[in-house]
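Given chain A, put chains B, C and D in place with the hints provided.
Protein chains in written order, with the working numbering: chain A, 3 to 368; chain B, 3 to 368; chain C, 3 to 368; chain D, 3 to 368.
Think of the hints as simulated: they come from the structure by calculation, not from any bench.
A portion of the hints provided could be inaccurate.
Identical copies carry no separate label here, and so any pair may be met within one copy or between two of them.
[Claimed, not checked] No farther apart than 27 Å at their CA atoms in a straight line, the calculated lysine-lysine pairs in the DSSO-like style are these:
{"no.": "1", "residue 1": "216", "residue 2": "176"}
{"no.": "2", "residue 1": "44", "residue 2": "216"}
{"no.": "3", "residue 1": "216", "residue 2": "114"}
{"no.": "4", "residue 1": "309", "residue 2": "114"}
{"no.": "5", "residue 1": "114", "residue 2": "76"}
{"no.": "6", "residue 1": "40", "residue 2": "76"}
{"no.": "7", "residue 1": "309", "residue 2": "273"}
{"no.": "8", "residue 1": "273", "residue 2": "114"}
{"no.": "9", "residue 1": "216", "residue 2": "40"}
{"no.": "10", "residue 1": "76", "residue 2": "44"}
{"no.": "11", "residue 1": "65", "residue 2": "44"}
Note that the coordinates shown come from a computational prediction; the quantities given were computed from them, not determined experimentally.
Protein chains: 4
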Amino acid sequence: MANAIGKMFRLTSFGESHGGAVGGVIEGCPPGLALSVKEIQKELDRRRPGQSVLSTSRQEEDKVEILSGLFEGKTTGMPIGFIVRNRDSRSRDYDHLREVYRPSHADFTWEKKYGVRDYRGGGRASAREHIARVVAGAVAKQVLAISGVSICAFAEQVGTVELESPWQKLDLSKKDLNAVRCPDEQKAVEMATLIGQVREKGDSVGGVVGCVMKGVPVGLGEPVFDRFQARLAFAMMSINAAKGFEYGEGFAAAAMQGSGHNDVWEMREGKMRTLTNHSGGIQGGVTNGEDIYFRVAFKPVSTIAVKQRTVDHSGNEVELEAHGRHDPCVVPRAVPVVEAMAAIVTLDFLLEAQACKLPDVYASDK
Amino acid sequence: MANAIGKMFRLTSFGESHGGAVGGVIEGCPPGLALSVKEIQKELDRRRPGQSVLSTSRQEEDKVEILSGLFEGKTTGMPIGFIVRNRDSRSRDYDHLREVYRPSHADFTWEKKYGVRDYRGGGRASAREHIARVVAGAVAKQVLAISGVSICAFAEQVGTVELESPWQKLDLSKKDLNAVRCPDEQKAVEMATLIGQVREKGDSVGGVVGCVMKGVPVGLGEPVFDRFQARLAFAMMSINAAKGFEYGEGFAAAAMQGSGHNDVWEMREGKMRTLTNHSGGIQGGVTNGEDIYFRVAFKPVSTIAVKQRTVDHSGNEVELEAHGRHDPCVVPRAVPVVEAMAAIVTLDFLLEAQACKLPDVYASDK
Amino acid sequence: MANAIGKMFRLTSFGESHGGAVGGVIEGCPPGLALSVKEIQKELDRRRPGQSVLSTSRQEEDKVEILSGLFEGKTTGMPIGFIVRNRDSRSRDYDHLREVYRPSHADFTWEKKYGVRDYRGGGRASAREHIARVVAGAVAKQVLAISGVSICAFAEQVGTVELESPWQKLDLSKKDLNAVRCPDEQKAVEMATLIGQVREKGDSVGGVVGCVMKGVPVGLGEPVFDRFQARLAFAMMSINAAKGFEYGEGFAAAAMQGSGHNDVWEMREGKMRTLTNHSGGIQGGVTNGEDIYFRVAFKPVSTIAVKQRTVDHSGNEVELEAHGRHDPCVVPRAVPVVEAMAAIVTLDFLLEAQACKLPDVYASDK
Amino acid sequence: MANAIGKMFRLTSFGESHGGAVGGVIEGCPPGLALSVKEIQKELDRRRPGQSVLSTSRQEEDKVEILSGLFEGKTTGMPIGFIVRNRDSRSRDYDHLREVYRPSHADFTWEKKYGVRDYRGGGRASAREHIARVVAGAVAKQVLAISGVSICAFAEQVGTVELESPWQKLDLSKKDLNAVRCPDEQKAVEMATLIGQVREKGDSVGGVVGCVMKGVPVGLGEPVFDRFQARLAFAMMSINAAKGFEYGEGFAAAAMQGSGHNDVWEMREGKMRTLTNHSGGIQGGVTNGEDIYFRVAFKPVSTIAVKQRTVDHSGNEVELEAHGRHDPCVVPRAVPVVEAMAAIVTLDFLLEAQACKLPDVYASDK
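So that you can see chain A by itself, here it is in the shape it has in the complex (with noise of 0.2 Å):
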């Protein structure tokens, strides 16, 4: 029942892997905005499937249809109603599954919680459903660029293989220039090759995607229960695989003494920033004008080539081969529905900001 996403930039999203489309609506895009499509296609584009041979066999053109809340080229403060249809969707491919509860995948889990299973390529539970995040982000991140906000997530880990420079360091212009989605070029290699290895073994591995938002005005976040960091938390922790959330030192703030990890205030250019940026530019839930740095880790694909142990429907033990196409690690792929997690909060909170103030504003509109 909650298949929506936002307060006042909003995505309620539906559908399976398998079904006629997936698809979604947006809510409180604000009205007057040149919305470009075709921006919207590029960043589908990045996370279709068969974009190289990382990822899975199965390909999807998922070309976008906005079906409302644009006039003119522009929106009208109207729900953006869409769809992406489903094409190569070979479902016999799953008939096999119908009787046999995969290892660490949602089929048991759902199945007893609704008393029924669309095992068709994993129904909903499929990342497919990722399709209608990555339209809505596209959408928050062209409202965000007017306010000079960017987003650029990356590859920081796949199995063993890990950036050893800190963020601040990369060149993240790099990052797209590779299948992986890494901003370090050797690195890329590295697991690329890792990655190939995996998928020949017919298994997969985990990895971290990081992620760097610059531009992003101070005041974003709500105390006290719907800091940034919480919702962004939220956001980043309902991505399919994702075991895990930090900001800024993170874990490695367990570690540290509060006199290392305080950020000294300092002016610089006329304006209060901080000397170091251990806190990824949130205090208090609040942002704090610095970059905003987060990372995410998901854990290896559940599907496998490999063979495991199971148990079917009637409660026998039994011997699972899965055929389905699958991404051997979700990383590459991974990268552009991080961004377009992060754009969703973002302006969310942006929007939210702008109503939490006394009225003379608006009053002065009359």
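What follows is chains B, C and D alone, placed relative to chain A:
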């Protein structure tokens, strides 16, 4: 504007460190529960300042007054309003902070956001706000106990001192025997020693709180955004000083391969069970009946007595030496807060799951 | 930004009169329901334009396409996405309105609010938006039928023609036998005649829709704000052209005294029942098991062919003669919309009531 | 579970008639407002029981205590927690009701819903719950005053005594000069006389409260569900004893034709204005800058001293003679409650409208 958490079981909180009281309103507590106010007070006492030398010297009895929602000792289904008066608030201690932005505090961001700042004891950014969470959590725990759910958080790491045994091997019953709330006696001593050393220097230190939930029924969590882990992450990242959240293998899963991370199904005592629990009790965003395990990282408290550079209201760079009372490490007092937030989230999902069914059950009540 | 209604059973709608499609997402439909798409289409057909001479001549087949949430004919608990394509949209008919604000329409207020206006057919202010409501209502009705709830709206008044019998005496089974949807045959003829006369003049006329709900269980409605009548009023007042809402005795109660208005309790067939039903089936905001009765007043449609003065974009006073197709009276086509909204509200409360219990029921499922 | 109202400006209320206190939490009050607690108390005094012979003899000073959200006399953007202690609660007066269901009260429905009943003074079903609304409304009024919005409710009808002049002709400044709160002195006397007669008989009488809002800016209200009139209706129908809501022409519009009901546009003092105001200041769900006018019908209070038949706990038919103190007519004390709810709704929309814009305004603040 976001001082509430939960959907079916909901806490709305209010109150500042040095105002008249902190308090809240709990909605959605099922009717007919014989609520023990004593149990609530016991939880508050676990969080109360001044319990040991490891925490701030502020003396507060933190006595809860329940104002509504109870009749003849039972909950009525009506909202439970409650307050806890502030007693030992030495607002003068904070006069020297009136003009100064403390490093890594909410001072600057909140003032920029709201145009005003209640500088006395951190105002609403103070950890005294956690009192409302602990009260609501204590109510939730009593409802959850009916379903056989128990929640146990504990110190996993303080600075560089970490538990070595995996969580499955810990004897959690021991964790309340020491002031640090660590289930490993030897490590507890080391942690306490480290906190003592840090305090002496006027510094602070970070840490990690782990949490195990037992008896959570299969089927809690709402796809696709409101996954169990997503709302749990939200709740944990809304706690003061939290920097990271992970569940199951968490960030360690990034380095693993699917064949090693997948939890194989088997039948045990007539039930579907997993052989391992890398998933931390959650699959596809929904609980699978195994123990739920998650971890929260905390930064070292920002308030330290060590001299620091900073900037004042007029943009002058100044030196700051804080006098306010503070905890050298949040971990011991964060333990009951983590439990409280976990209880709130879990009960919220439990009640929501009841709603998500065909209405025959209800109809039969007519 | 508020294109959704409902909490546990929730419709998010989108779409304009002359855009690609109108549609929506239904969340919270319980899983396991054998959903009849035919029944949904039947409800849409009741609202469809061009059914009789009493309504607009726009020809739309209003064919619903369900995009998700169904598997092998049953609901899965996942969101039900749906669209209805717009076919007969003659946008050119509206070119003459581009510069002009029509009296008592949304033209001026929405343009002032959003800075843009989709003038084609009223854009999202068009009653075509009701399509999404009827689809969601048709789903809700199927769930409610399981609990024995039936909902029946009908024409009570058209212009100066009013029903004379009290609602308890009406034979509601007759109401769908005529185009006006009035259970009194004689009055139906008078109403149809009046609508015909008004249409001939190019004018429009108002009316009242009454609604009776039978079989609603005791205990629906949430004190203190979300009373049954409060959410019902909200839902009804969100329908285009609605001007008033009342339940039970409604405005007539203002002239009554307590001794005449109170519904005395008695035992009937072993159940607590009221002797009279001035309360309209709701007491203290919660249903009492008696029939629920309410009424919704509708204004005469603002679009008329009669010449009117108005003002254009540049502030010039001009004469307006509208050519767009319109209904001379909303009542006949509002009847299925009122039923749909009542169904959405009632199911929402039914599911919420299931949540509001001690969790033993759920626990026993484990 | 629905003890809150509002989205951006939000009141969460708690408390029973004979519990420790009634109170609430106000979220979303913009920061920087010089809040007058005296003004809040003044509004409470208008609602207080025991003001005149027209109301219940219960003596309560209804003194508000603000617990948070204020610093040096200004709002901080933090939640405003408040309580009002119950003083004169003679719970014993209600002992005779313990076993009996009073006609047309919440007794039966709430007990059936919750399984428990706080019978003392109606528990939370008591109109004392309105106190929280009046406090929140008094805060909202102070914010609205900045935008030049004023709200004035008044007695339009008591039993069979009705105002004769249309609302546009009333001198609303006079309405607080008499205990009934009626702007027509002659009618005020007649109303008071009728209330006196009814009280003498131990009976009660219904009535209608009208309300006019001036200065509401163009553009408030959110299509399509959250129309201005829809949330207004929701708020009004959530008041105890409310039976109907209408705005503009309301139910009278049902008998009108479009050519007579449409509000023709004209230019007046350089502004778009309507010649008439049948619309009651709202078109397409959004305010149009004209005065907003609506009416709320109230039933006669259910508590009467007249003997009535009813049923007790064990299903026996018994006679009931109520002794509790009560108002013979809710109208005089409902007037400030209607104003409060109107203020809450209007401010909520005003803040929401601020959010609904392209973020350049906010960006310029950086």
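Consistency of the hints with the structure:
Proximity of residue 216 to residue 176 under the C-alpha cut-off of 27 Å is restricted to the intra-copy arrangement: shortest distance 16 Å within a copy versus 46 Å between copies. With identical chains, the CA atoms of residue 44 and residue 216 are at most 27 Å apart within one copy only, with a shortest distance of 21 Å there and 45 Å across copies. Taking the shortest alpha-carbon separations for residue 216 and residue 114, only the inter-copy value of 18 Å comes in at or below 27 Å, while the best intra-copy value is 43 Å. Taking identical chains as interchangeable, the C-alpha atoms of residue 309 and residue 114 lie at most 27 Å apart only when both belong to the same chain, with a minimum of 24 Å there against 55 Å between chains.
With identical chains, the CA atoms of residue 114 and residue 76 are at most 27 Å apart between copies only, with a shortest distance of 16 Å across copies and 45 Å within one. For a Cα distance limit of 27 Å, the shortest separation of residue 40 from residue 76 inside one copy, 14 Å, qualifies, whereas the shortest one across copies, 37 Å, does not. Taking CA atoms no more than 27 Å apart as the test, residue 309 paired with residue 273 passes between copies only; the shortest distance there is 22 Å, against 59 Å inside one copy. Within a single copy, residue 273 and residue 114 get their C-alpha atoms only as close as 55 Å, which misses the 27 Å cut-off; across copies the closest is 12 Å, which meets it.
Taking identical chains as interchangeable, the C-alpha atoms of residue 216 and residue 40 lie at most 27 Å apart only when both belong to the same chain, with a minimum of 23 Å there against 46 Å between chains. In this assembly of identical chains, residue 76 and residue 44 lie within 27 Å of each other by CA distance solely inside one copy; the values are 19 Å within and 36 Å between copies. When the C-alpha separation of residue 65 and residue 44 is checked against a cutoff of 27 Å, the pair qualifies only within one copy, where the shortest distance is 10 Å, while the shortest distance between copies is 32 Å.
The structure shown violates none of the earlier numbered hints.
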